[in-house]
Amino acid sequence: MKELTPADASLLELVDRLLHKGVVLAGHATISVAGVDLIYLGLNVVLAAVETIESGAQGPGGVASRPGARPPAPRLS
Amino acid sequence: MTLLAHAITGEPPASLDGEGLRGRPLRWSGTGDIGLWSTRWDPADKLDRNDALEHHRLVERICAAQPCLPVRFGTAFATDEDARASLSTRADELRAALDRVAGKSELAVTLLWAKNSGSDAPRLADPAIGPGRRFMEERRARYATREARKTRAAELVECLVAELSVERSLVWHEMCTSDRVAVSLAVLIPSERATERKAVLERLASRFNDVVGVVSGPWPPYSFASIEQSGGAAPRRPTGPGAEPPTGSAPQSRS
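These protein sequence lines map, in sequence, to chains Z and W. According to the working numbering, the first sequence is numbered sequentially starting from 1. According to the working numbering, the second sequence is numbered sequentially starting from 1.
I should point out that these hints are in silico values taken from the structure, not numbers from a laboratory. One or more of the hints may lead you astray.
Said to hold, decoys possible - Ranges of calculated distance between the beta carbons of each label pair, as one might list FRET restraints:
id : chain 1 : residue 1 : chain 2 : residue 2 : range
1  : Z       : L11       : W       : G132      : 41 to 47 Å
2  : W       : E158      : Z       : L11       : 26 to 32 Å
3  : Z       : T5        : W       : L53       : 16 to 22 Å
4  : W       : R24       : Z       : T5        : 31 to 37 Å
5  : W       : A148      : Z       : T5        : 37 to 43 Å
6  : W       : R142      : Z       : T5        : 21 to 27 Å
7  : Z       : L11       : W       : A114      : 17 to 23 Å
8  : W       : P131      : Z       : P6        : 39 to 45 Å
9  : Z       : T5        : W       : R57       : 32 to 38 Å
10 : Z       : L11       : W       : S206      : 16 to 22 Å
To be verified - Going by beta-carbon spacing under 7 Å, a handful of chain W positions derived as facing chain Z:
id : residue
11 : S15
12 : L16
13 : V214
We treat Cβ as the ideally placed atom computed from N, Cα and C, and that holds for glycine.
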C-alpha cells in the first residue's frame, strides 16, 4: 500500500471537496466517470457510486437510503 | 446535450471569457437574481480526474470574479429549464449561502499521524500465551489504540480552533477518517487575509510532535456552500456552540 504523503494529502483534500462538498442540486442526467458508470446523477443525490446504489438498501428512486450515509468517492482515472 | 454545473452566482453574471470545461463554451442560466455557470456537455463524454481539476480551476475563476457557491462536481442538467427550475426551488437558501461566503475563501488543514507517534500499530500480545487470549489481547490493544487516537484528534481540533480565534461556526472538521489521517479541518476566512491566515495555520500545525500538518488552499468555499440545513450546514461535523462535542467517530469509509 502506498504511504500517504503530505503532497497526496493536499490533493486528496481538494478532490474530496470537489466530490463531496459544494451545493447539491437536483440534477437530471447521468454521466459516467473513467469508462465505468460510477456516478449516478439524478433525484436528490447528485453524486453516488452506482455500486453503492446497487448494494445498499434502495429507496423508491433507486437511491441508497441509509440515513446520513455519504456515498464513496467515485474513482477517477 | 446536458449542462455540467460549476457554480452559482448572483445577477448580473461577471464578464468571464467563454471557455468552460475542455474549452467548450461557458454558459450562464439566470433565474431571478441568481444563476448557474455551466458547460454544455455530451453525456457520452466520460469525466476524469483532469475534468475534476479543471472544474476546480473554473470555480476558482468564477469565485475570483464574483461571490459564488461551488456546485458539487458532476452535477448535470438535461436542459437549461431544468437548471433554472432547480435554482428557483431553493433560491432563498442559495441567496443566503451566497451572502455567507461572499468575500471569503477556505483553508484546509490535514494532520497526518507522524510515523513516530507511537500508535502506528498495536503492540502484539506475548506469543507464549494461548491463541484465545492472544486474540483478545490484540483486539483490546487495537481498540485502545483507536480510542487513544480519537481522543488525541479531538484535542488537536480544540487546540487549532482555540488558536485560530475565529467564530466556531466558520470551522468544520472530521477526525480519524483513515489510519493515516488524524484531522481534516476547514476554516472560512476573509479572502484578503488568506495568505496571512495560511501562515498562521502552518505555524500552528507544525507545533505538534505527533502529527504532520499540511495546509492547503485558499480555494473556493466548498465546505461551506451546503444549503442542506438552515445556516448553511456543511457535511462536516460542526465545532460550534450547541454542536455535539467532537467524538472522533470515524465517518463512512471511502472507496
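Check: Can the suggested window of 26 to 32 Å be confirmed for the beta-carbon pair W:E158 and Z:L11?
Finding: Hint holds: Cβ distance 27 Å, inside 26 to 32 Å.
Notebook entry, point to check: Is 17 to 23 Å right for how far apart the beta carbons of Z:L11 and W:A114 are?
Noted result: holds, 20 Å
Margin query: A range of 41 to 47 Å was offered for this pair. Does it hold for the Cβ distance of Z:L11 and W:G132?
Written below: The hinted range 41 to 47 Å holds for Z:L11 and W:G132, with Cβ atoms some 44 Å apart.
Margin query: Does W:S15 hold up as a contact with chain Z if the rule is Cβ-Cβ below 7 Å?
Written below: violated, 23 Å
Note to self: Can you tell me whether the CB distance of W:P131 to Z:P6 sits inside 39 to 45 Å?
What the structure shows: 40 Å Cβ-Cβ, so the 39 to 45 Å window holds.
Check: Hey, does the W:V214 contact hint survive, CB to chain Z under 7 Å?
Finding: holds, 4 Å
Next item on the list: Hint says 32 to 38 Å; check whether the CB-CB distance for Z:T5 and W:R57 agrees.
Entry: Because 23 Å falls outside the window, the suggested range is violated.
Check: For the hint on W:L16, does the least C-beta distance to chain Z fall short of 7 Å?
Finding: Violated. Min distance 19 Å.
Check: Between W:R24 and Z:T5, does the C-beta distance stay in 31 to 37 Å?
Finding: Because 34 Å falls inside the window, the suggested range holds.
Note to self: Within 21 to 27 Å: is that where the Cβ-Cβ distance between W:R142 and Z:T5 falls?
What the structure shows: holds, 25 Å
Check: So does Z:L11 sit 16 to 22 Å from W:S206, Cβ to Cβ?
Finding: Distance hint for Z:L11, W:S206 holds at roughly 20 Å.
Item checked: Z:T5 paired with W:L53, Cβ distance criterion 16 to 22 Å -> holds, 18 Å
Checked against the numbered hints above, the structure breaks hints 5, 9, 11, 12 and satisfies the rest.
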